[in-house]
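> Listed below are the residues making up each chain.
There are 2 protein chains.
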Amino acid sequence: MDGLKHAVSSIEEKSDRTQPQAGWFGMDGIAEERMEKTMKTRITEMLGIEYPIIQGGMAWVAEHNLAAAVSAAGGLGLIGGANAPGEVVRDEIRKARALTDRPIGVNVMLLSPHAEDVAKVVVEEGIKVVTTGAGNPEKYMEMWKNAGIRVIPVVASVALARRMEKYGADAVVAEGTESGGHIGEETTMTLVPQVVDAVSIPVIAAGGIGDGRGIAAAFMLGAEAVQMGTRFVVAKESIVHENYKQRIIKAKDIDSVVTGRSHGHPVRGLRNQMTREYTKLEQEGKSFEELEYLTLGALRKAVQEGDVMNGTVMAGQIAGLISKEQTCKEMIGEMMEQAKKLLNRE
Amino acid sequence: MDGLKHAVSSIEEKSDRTQPQAGWFGMDGIAEERMEKTMKTRITEMLGIEYPIIQGGMAWVAEHNLAAAVSAAGGLGLIGGANAPGEVVRDEIRKARALTDRPIGVNVMLLSPHAEDVAKVVVEEGIKVVTTGAGNPEKYMEMWKNAGIRVIPVVASVALARRMEKYGADAVVAEGTESGGHIGEETTMTLVPQVVDAVSIPVIAAGGIGDGRGIAAAFMLGAEAVQMGTRFVVAKESIVHENYKQRIIKAKDIDSVVTGRSHGHPVRGLRNQMTREYTKLEQEGKSFEELEYLTLGALRKAVQEGDVMNGTVMAGQIAGLISKEQTCKEMIGEMMEQAKKLLNRE
Chain D
1 MDGLKHAVSS IEEKSDRTQP QAGWFGMDGI AEERMEKTMK TRITEMLGIE YPIIQGGMAW
61 VAEHNLAAAV SAAGGLGLIG GANAPGEVVR DEIRKARALT DRPIGVNVML LSPHAEDVAK
121 VVVEEGIKVV TTGAGNPEKY MEMWKNAGIR VIPVVASVAL ARRMEKYGAD AVVAEGTESG
181 GHIGEETTMT LVPQVVDAVS IPVIAAGGIG DGRGIAAAFM LGAEAVQMGT RFVVAKESIV
241 HENYKQRIIK AKDIDSVVTG RSHGHPVRGL RNQMTREYTK LEQEGKSFEE LEYLTLGALR
301 KAVQEGDVMN GTVMAGQIAG LISKEQTCKE MIGEMMEQAK KLLNRE
Chain H
1 MDGLKHAVSS IEEKSDRTQP QAGWFGMDGI AEERMEKTMK TRITEMLGIE YPIIQGGMAW
61 VAEHNLAAAV SAAGGLGLIG GANAPGEVVR DEIRKARALT DRPIGVNVML LSPHAEDVAK
121 VVVEEGIKVV TTGAGNPEKY MEMWKNAGIR VIPVVASVAL ARRMEKYGAD AVVAEGTESG
181 GHIGEETTMT LVPQVVDAVS IPVIAAGGIG DGRGIAAAFM LGAEAVQMGT RFVVAKESIV
241 HENYKQRIIK AKDIDSVVTG RSHGHPVRGL RNQMTREYTK LEQEGKSFEE LEYLTLGALR
301 KAVQEGDVMN GTVMAGQIAG LISKEQTCKE MIGEMMEQAK KLLNRE
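If you read the protein sequences in the order shown, they are chains D and H. For the first sequence, the UniProt record's numbering begins at 1 and goes up steadily by one. For the second sequence, the UniProt record's numbering begins at 1 and goes up steadily by one.
In case anyone wonders, no lab produced these hints; they're calculated from the structure.
Each pair of labels, with its calculated beta carbon distance range:
#	chain 1	residue 1	chain 2	residue 2	range
1	H	K252	D	A134	17 to 23 Å
2	D	E289	H	K252	27 to 33 Å
3	H	Y167	D	P103	51 to 57 Å
4	D	R94	H	G333	54 to 60 Å
5	D	E124	H	R162	52 to 58 Å
C-beta atoms are modelled at their ideal positions from N, C-alpha and C, and glycine is treated no differently.
Based on the provided sequences and hints, a complete structural model is requested.
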């Protein structure tokens with residue numbers, strides 16, 4: 001298994017900084033050998049999923065239809081809590097469960113005014129996997145752990161990954177700056193191996209992964225699963241407005257842009273009238289507060305109304321690689337086939 | 001061979017945008033099969049090198065000692081032309097040749113006031129591989145081609161890669177934003193597969209590659225070699241000041257910063273007094289010209305005098321992964337072993 005190989009080689013190579021890896025706790029030699037030849041990892045085992053593919057918990061996009069479709073196809077679908085009230089999230093969970101009996105996860109956005117409610121709802125609804133973004137999940141950790149929930153924070157740095165492991169996280173998503181939406185500064189290529197070296201829990205790679213090549217590359221870097229957002233936005237089951245999907249499908253490699261960097265709130269989306277205006281005002285030195293009116297409701301406007309000129313079309317740099325609408329089953333099947341071929345696995 | 005697999009799968013997957021791949025021109029089935037099981041690629045064949053590792057042509061850093069050491073170890077060492085006069089570059093080439101009889105390349109910085117002289121010197125000195133940065137090598141292409149030189153431009157976008165192929169480039173270096181020094185915006189993870197899909201010539205991945213995991217990941221993305229800068233800066237044979245090397249060795253994942261982005265001249269280096277001052281003035285809206293005095297001679301100051309507080313410590317995000325000084329031979333040996341293990345190749 002790569003994770004193990006990496007653990008060993010990273011100890012050899014970085015003995016001055018790297019703590020010894022715990023390795024495959026609780027697994028015997030046979031389990032390890034099976035993993036070495038297949039795409040099974042600690043993450044697929046832990047989450048009870050067939051393929052090491054998790055769908056990102058994107059605000060407005062990650063609702064029950066998409067999450068259920070990804071889970072039904074053998075990945076892990078997530079309901080994106082975003083700023084939604086607890087009852088809305090509860091409703092989404094139930095609707096997803098009406099569509100599939102496979103596991104469904106929830107992304108809890110910790111800065112949401114409803115974070116506390118949502119944190120309770122996932123327990124009440126018997127959710128078994130929670131990813132967290134935008135903050136520190138420490139205050140919910142005990143409640144979630146007692147409920148048997150696997151907690152997987154999204155991190156953009158080694159220090160945060162280490163802290164999350166210390167707080168009891170079961171895994172981390174190491175997310176590169178090429179991702180869509182709110183981002184950090186490290187790229188997937190540099191962040192993933194550094195996080196893998198720093199923690200013993202499994203690492204899920206996110207950012208810039210759009211096909212089987214990206215999955216295979218992430219595995220080489222030591223990841224045990226991937227999280228993908230942009231590609232699933234254009235899934236047939238995705239309720240995102242057709243204009244939004246077409247904007248991603250037609251995007252070129254250089255079509256994304258980061259706004260808000262100077263305010264410390266970088267967000268990646270596809271270039272349009274809104275981002276041009278934002279960038280202009282940002283360069284003129286306008287404050288974050290002065291610019292907030294521009295983005296208020298702008299994601300919803302793009303996702304639901306299809307206003308891709310004045311709305312926020314969040315998407316990652318990998319949009320340039322994405323060329324067609326498919327069902328989640330087709331996407332996952334195609335990507336897994338490509339990844340297995342490249343990795344010589346079954 | 002992955003390149004071929006990728007070519008096939010990319011045609012299946014992106015038939016609406018991808019031109020058919022030319023594939024392994026001039027190679028028979030046996031050569032292809034050998035490549036599939038080893039680390040030999042079109043790049044190692046084309047350049048006559050043992051390992052698919054190229055050392056970046058870094059200004060002030062890529063001089064004859066480093067280039068010769070990388071080439072002697074089986075990679076391809078480059079002399080960085082930077083802004084140096086033709087005769088200085090000639091001298092460096094000759095000194096490198098006194099140290100090794102393996103191939104040596106030259107990076108020609110096309111914006112240099114001496115670019116034309118350097119372009120002639122490489123022909124006169126019988127150099128067989130030229131990489132180019134910061135501009136369009138078209139005007140030298142005929143002269144270089146007639147001299148049997150392989151021309152490999154560094155590109156940061158799909159459109160530029162396509163244009164370079166049209167002008168007759170033999171390969172391209174697709175360089176991600178995680179690189180040190182002057183950078184583009186696309187990350188290695190997203191840029192490499194998109195460039196691979198767009199051109200038929202081989203692609204070399206650069207940016208964020210610091211060990212065998214990075215090499216293996218780059219191969220999964222379709223690259224046929226890697227170019228590495230930051231790791232070679234700390235090589236024992238590198239003449240870079242010890243302070244500079246130690247700054248890289250001690251760097252954490254988040255220690256690099258990009259200056260000059262608002263002026264359209266983004267440069268990545270390690271955070272210090274100079275970058276803090278630059279960033280502050282940049283945010284105050286100072287022009288590129290007003291800020292130039294800060295960076296004038298700043299790279300030389302760091303590389304040669306070891307002033308890592310007020311000088312420019314160019315380095316990539318992967319600095320955080322780099323933990324020790326080694327000879328180029330040790331580095332290449334260690335990385336190749338790790339990459340081969342991960343890729344199940346010999």
